[in-house]
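Given these sequences and hints, build the entire structure.
Protein sequence lines, in the order shown, are assigned to chains A and B. Residues in the first sequence are numbered from 1146 upward in steps of one, following our numbering. Residues in the second sequence are numbered from 639 upward in steps of one, following our numbering.
Since the hints were made in silico from the structure, they are not lab data. Please note that a few of the clues may not be correct.
To be verified - In silico lysine-lysine, DSBU-like type, Cα no more than 35 Å apart, as pairs:
(1) LYS1477(A) with LYS1302(A)
(2) LYS989(B) with LYS1293(A)
(3) LYS1457(A) with LYS1117(B)
(4) LYS1117(B) with LYS1464(A)
(5) LYS1457(A) with LYS1473(A)
(6) LYS951(B) with LYS1054(B)
(7) LYS1293(A) with LYS1437(A)
(8) LYS1302(A) with LYS989(B)
(9) LYS1350(A) with LYS1112(B)
(10) LYS1536(A) with LYS989(B)
(11) LYS1410(A) with LYS1473(A)
(12) LYS1559(A) with LYS1536(A)
(13) LYS989(B) with LYS1306(A)
(14) LYS989(B) with LYS1410(A)
(15) LYS1508(A) with LYS1302(A)
(16) LYS989(B) with LYS1415(A)
(17) LYS1338(A) with LYS1437(A)
Listed below, chain by chain, are the residues.
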Amino acid sequence: MKKILSIIACGALAASSIVGFAACGEEEKGLTVWAPSAQQDSIKQMIEQFKTENPDIKYEINVGVCGEGDGYSMMSTDPQSGADVFAYANDQIVNLYSIGALSPLAPSTVTALKQTDNNTAVESGKLGDNYYGYPYAADNGFFLYYNKSVVSAEDAKDIDKILDACEKAGKQFIFEGGNSWYALSLAYGAGGKYEVTYEGTQVTKVETNLDQCPSGSEYSYGQLGGYELAHIMQRGAFVLTGDDTIIDNALTGGTFGACIRGTWKGDAIKNALGDNYAAGLLPSWTSDLDGKTYQWYSFAGCKLFGVNSYSKHPEDAHKLAAFLSSEKMQEKRFDDNGIGPSNLKVAALDKVQSNIAVATMMKQIADASVIQTAMPSSYWDEVGAFGEAMKSLDLTANPDDLQARIVQLVEALKANGATPAE
Amino acid sequence: MINTEKSVITEIEYLGMSGWEKFRYNFVSFFKRLPVTFLRFFTVTIPALALRFWRAFLGIFRKIGIAAKNGDWKTRLSFVIMGFGQFTRGQVMRGLFYLLFEVLFILFMVFFGAGQLALFGGPGYTETTEAGWVIGPDGSEIYVQSAVGDNSLLVLLYGILTIFFIIAFVYAWYSNVKAAYFAQEMKEAGQRLPDARDDLHAFADSQYHKTLLAIPLLGLVIFTIFPIVFMVFIAFTNYDMEHMPPAHLFSWVGFENFRAVFGGSLSGGTQFGVVFGKILLWTVIWAFFATFSNYLLGMVVAIMINKKGIKLKKLWRTVLIMTVAVPQFVSLLLMSQMLGDYGIVNSLLQKWGLTSAPIHFLTDSMGAKVTIIVVNMWIGIPYTMLMVSGILMNIPADLYESARIDGASAIRQYFKITLPYVLHVTTPYLISNFVGNLNNFGVIYLLTGGAPVMTAVGTGGAGETDLLITWLYKLIMDKKLYGVASVISILMFLITGIISLVTYNRSASVKNEEDFM
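As structure tokens, this is what we get:
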């Protein structure tokens, strides 16, 4: 019995080794690419093109579905079995780096990228001294969509006029004000700053001036922005929601006045409003506190292709990521999915400039935005709590109370850099 | 009914009281007793348990000592060569098993276990290096793969496995010594030792319980005890977002996480102590209201339906059971959609002109808390009704008949017959329901997801309606704070465990088990 068993075992071993060698002879390289579900068809065509352009090597490339914000949750338990190349939004970079899912770009590649692509986008992939992504889209931010029959192009430049027009017409102004992504956008517009420095995964320094006053004003950046946010959120036409279906309901129900949203909602609004569809930069606002007028700023975020540092074929994976973010592919991505390119040549194309949502987003990022760097998760928690508090801020109360809350916020944000000794 | 050991009034006095006074007396004395009950748990129950364990522990050493003192050379050699005693006394199979286990254990320790234990003990493992590019001799860029170090997650896993294996070995060694001495005694007394056939037969006969329980026990160890032990060890590490193996390894931090939960803070600046206290308070309030609102109202509904003279009993019952037929998560998700700020309820209210602005059913701290408890009634009442209906039909009708003849009112009948009967049967259900509600993930997660978020600084994204269990979910899934999360789950385990043990043992159902038999 034992003999038979051992013979079978030996045979199996021998067979597997032969098969193994045979596989090596063919040089087939297996890669996995993860991309958002809307881009699946497009990315498959790009991969076919990549294969035809590299006929010497036999690639076996699989495509999986993964949103730009989901890579971390999909890989955090086992990055070694994650995709070789995946799309991610730049705010995910610290998370992805912490699990070792990002492989750095070669210095020469970075130099080349800086020539061809929007530098904000290239820099958004930087952590420490290294660059960790091939930018392919510079369209992560928010701006104003409005209904021309309710809000005139002239009114759309001032938030109070927009709200007045909406109220007069009985229409809605939809904005997810309390959300941590939007909550400080007014404060940043007034000149507020937030900067974070990393060493590896550790935050070493956080700098912010939210508790300080702009020159010539006796109110701090945080106070001005927070008060205005509360002011907007307590207006009659205001609808607070992060739920895209509420916008759809407003569009079908004919109650849509204006909304603050990103490019992803552009097509739906365009189709519903037809000729009344319009988009513009975030409006300016006049503070009730100091009576001065400030611009409203968006976050500027980018999307990049990252290469998994556990990839079995890292050089090929880097080559593929570079290909997927190249000029031609960015143009194709705009044609297929209307994604705002980071490549300067593609961005300058007429067809891109004539797409209202994408063009407005790019103008917003260029003219009135702050770079959304890799925020530590406590940033989102603290700013979210602050935004939630602004929903019920008493506008008639002493502004010093609000300043006390801003000071607390700043302390909490800075506490992250002051890591206790381990 | 009177608890004589603690009662400060005589039975005559008690019986002389009016109904209201009796209720007040019982109510007050219950809460007066509560601290004493908890104190007794720590001063009497736990020390008694500890003493029992200590005695059992000493007993082990006594047995080993006796074997060493009275054993012959065969028995004594079994101390070193396991199974030797059995082997030389004719129990070949037993001896071989012991020996095989010893050999396996030594091989395991030499080639694997010892190394893992050394790494497990603390620092000294190699860190993972980062991937990068270097400039080659010809000026081209060459990619260098990252080299994975000693993955601390695997080190922890294998370390605990090794500890489990060592415990198993110690137990086997002890049973080997015991069995060797037992065999010697049997031989000396001139009795026949069981051979391999007898041993096998015993597993189908006198040792049948072991055969039956072997697989469940193995499952319990692998799927319950091992993960719990693993989790407890995680509580002493800095396993979090900044230390995700294999890229960034975690290590021991002692009681740092416990310190964080009891008032300190970690690098993120979250005040875990404050948040923990707040959430624990709401968890207890929620569990109390969720349990008793369902229980009392469910009982009321059941009594109403069960009442003589009510028509269409089956219809009413069926209608209420319909809510059970709809899966819970479906009802909850629907409710959360309907009650949203721009959901159908608010739209209708505004359309009818009853309100001008949306009512914050789920987005205001107080409103959300009330809504959750009310919605939970919708889900819970039918279950209580169903259960109580069954019990009500079981109460002997002659009890009511004699009460009626004696002139008892309906309310009196309820407090004298129905309530004690139902309470007696359902106290264990109430306790398990209360503990279940402490950990009621589904209702909170599906209805509000913990929203609205706390507005204070340093609350780390915790929500006003978060229970400990949903907060734990956020800490694990969103924040990856595995160390702190482990500490909180240990605390939750203690809280729910102590509450259920104490209340269960104090309940009338356990103490007066025969009352309604």
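Q: Verify the proposed pairing of LYS1559(A) with LYS1536(A), using a straight-line Cα cut of 35 Å.
A: holds (24 Å)
Q.
With the threshold set at 35 Å, check whether the alpha-carbon distance from LYS989(B) to LYS1415(A) stays at or below it.
A. Holds, because 28 Å separates the two Cα atoms, which is no more than 35 Å.
Q. Would the pair LYS1457(A) and LYS1117(B) pass a check requiring their Cα atoms to be no farther apart than 35 Å?
A. holds (29 Å)
(Q) Just to be careful, I want the Cα atoms of LYS1477(A) and LYS1302(A) compared with a cutoff of 35 Å; is the pair within it? (A) Distance of about 33 Å is within 35 Å: holds.
Q) Does the structure keep LYS1293(A) and LYS1437(A) at a Cα separation of 35 Å or less? A) Within the cut-off at roughly 27 Å; holds.
Q) Are LYS1508(A) and LYS1302(A) close enough, with their CA atoms no more than 35 Å apart? A) holds (14 Å)
Q | Pair hint outcome, LYS951(B) versus LYS1054(B) [Cα-Cα no greater than 35 Å] | A | Between LYS951(B) and LYS1054(B) the Cα gap is close to 25 Å, so the pair holds against 35 Å.
Q.
Hint check: LYS1457(A) vs LYS1473(A), CA-CA at most 35 Å. Holds or violated?
A. Holds, at roughly 27 Å.
(Q) For LYS989(B) and LYS1293(A), compute the direct alpha-carbon distance and say whether it is at most 35 Å. (A) Given pair LYS989(B), LYS1293(A) holds - Cα atoms ~26 Å apart, limit 35 Å.
Q) Hey, LYS989(B) versus LYS1306(A), does the alpha-carbon distance stay inside 35 Å? A) At roughly 26 Å apart (the allowed maximum being 35 Å), LYS1306(A) and LYS989(B) satisfy the hint.
**Q.** 35 Å Cα cutoff - pair LYS1350(A), LYS1112(B)
**A.** holds (26 Å)
Q.
With the threshold set at 35 Å, check whether the alpha-carbon distance from LYS989(B) to LYS1410(A) stays at or below it.
A. holds (28 Å)
Checked against the numbered hints listed earlier, the structure breaks none of them; every hint is satisfied.
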